[in-house]
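Number of protein chains: 2
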Amino acid sequence: MADEVKLHGLAGSPFVCRVKIALKVKDIKYDFVVEDLINKSADLVKYNPVYKKVPVLVHNGNPISESLVIVEYIDDVWKGVSILPHDAYEKARVRFWAKVVDDKCLPALFKAIGSHAQEQAVAEAHEQLQFLENELKVKGSKFFGGDSINLVDISATFIAYWVGAAEEALRITLVTKDKFPKLKEWSDNYINCQAVKDVLPPREVLVGFFKSRFGKA
Amino acid sequence: MADEVKLHGLAGSPFVCRVKIALKVKDIKYDFVVEDLINKSADLVKYNPVYKKVPVLVHNGNPISESLVIVEYIDDVWKGVSILPHDAYEKARVRFWAKVVDDKCLPALFKAIGSHAQEQAVAEAHEQLQFLENELKVKGSKFFGGDSINLVDISATFIAYWVGAAEEALRITLVTKDKFPKLKEWSDNYINCQAVKDVLPPREVLVGFFKSRFGKA
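Top to bottom, those sequences are chains A and B.
Using full-length UniProt numbering, the first residue of the first sequence is number 1, and each one after it goes up by one.
Using full-length UniProt numbering, the first residue of the second sequence is number 1, and each one after it goes up by one.
Please note that the accuracy of each hint is not assured.
[As the list claims (entries may be wrong)] Have a look at the derived ranges for each label pair, beta carbon to beta carbon:
| # | chain 1 | residue 1 | chain 2 | residue 2 | range |
| --- | --- | --- | --- | --- | --- |
| 1 | B | E90 | A | D27 | 20 to 28 Å |
| 2 | B | G61 | A | G80 | 42 to 50 Å |
| 3 | B | F32 | A | K216 | 31 to 39 Å |
| 4 | B | G208 | A | Q194 | 35 to 43 Å |
| 5 | B | D178 | A | V34 | 36 to 44 Å |
| 6 | A | A123 | B | K40 | 17 to 25 Å |
| 7 | A | D178 | B | G146 | 27 to 35 Å |
| 8 | A | R213 | B | G146 | 38 to 46 Å |
| 9 | A | F32 | B | V45 | 42 to 50 Å |
| 10 | A | T176 | B | K46 | 37 to 45 Å |
| 11 | A | D27 | B | Q120 | 45 to 53 Å |
Please keep in mind that the hints were generated in silico from the structure rather than gathered at the bench.
Keep in mind that this is a model prediction, so the values were computed, not measured.
No residue lacks a Cβ here, since even glycine has one placed at the ideal position from N, Cα and C.
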């Protein structure tokens, strides 16, 4: 029996996009089920009663929630290109950095965007992004994963692509080449990576979203 | 060469205790390095520059931070009793529930304790704990891990042991047998599990901590 793979999601969500990228890396075919977060479907609430959020991956009837948990699951189940390294210490480092992105970098960036780049909020976001900049400098590689992308790159999809759209929509500056040369170089490499480029939503959709959500009247 | 294992921590930290339990389950000998969080050691800041927090495990000179990342690392490196299941779907479920404990249950409990069991805060904590209660009911097993403990049980150490100490110290009620029969039964089973019992800090130390930190003058 062929695998039945469904991804419940939304076109513009960076968290859903993480899962799309992982599925693309592994070359997995799936059905995309569009969810409406205002009127959540009975399936979404059944599959993810705790968070009631997308993405939810349903594999042969088994639901899995939380984007990084899903990406690790995809890497566990489908062989081929690896998303996490095999070495235990490298794997722990990767999990650590993906957690830093979720715990520290994204909340700081959300706040900086929501505040229209208020000075203090931008300073806090820069403080967190500096850790990623340093990590890229130490590694000296194209991606956080080395020559190819791994869980850390995938976790940071928002930074590579969504932040630029927010800057354009709100006419603000958050991440400059001057302050974050490695992170900007990484962003360019990452969004031009085939598996990523193939699934990113059109930039104008994101610009439109940020304008309507955070734009000044 | 024998493994050199050092755990940087604090006696009363539930997050450090997670790592101690994992090391005990695997029967790993290690040196415990006591950290002072007021005057953080140069080693702690060097090993964990992002969070500057305990626990940090240093294995043959390689530092790993964040308690759940460390526990997965311990399970990856040392064979013997497994802390995560081998089946990919079961593993994803376990990672999901450990994340629910960290994202939802613990912050709600910290708030309920910090507010001296203010009604709304307790209601919010109950809402989150109800998910764990339901999960135990559905599983119908002694532990979240079935017959033996796994990552979910270890993640919920605070709920099993620290919450009771907080209730005693502050003369509040957070988790009752009436409302959470499965969770109370699990707590009893868990803290009496040998690997857990062997490393839990004395209850009076925790009662003293909660009194000094949150007690009314």
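| query | Which of the listed hints are not met by the structure? | reply | 2, 3, 4, 7, 10
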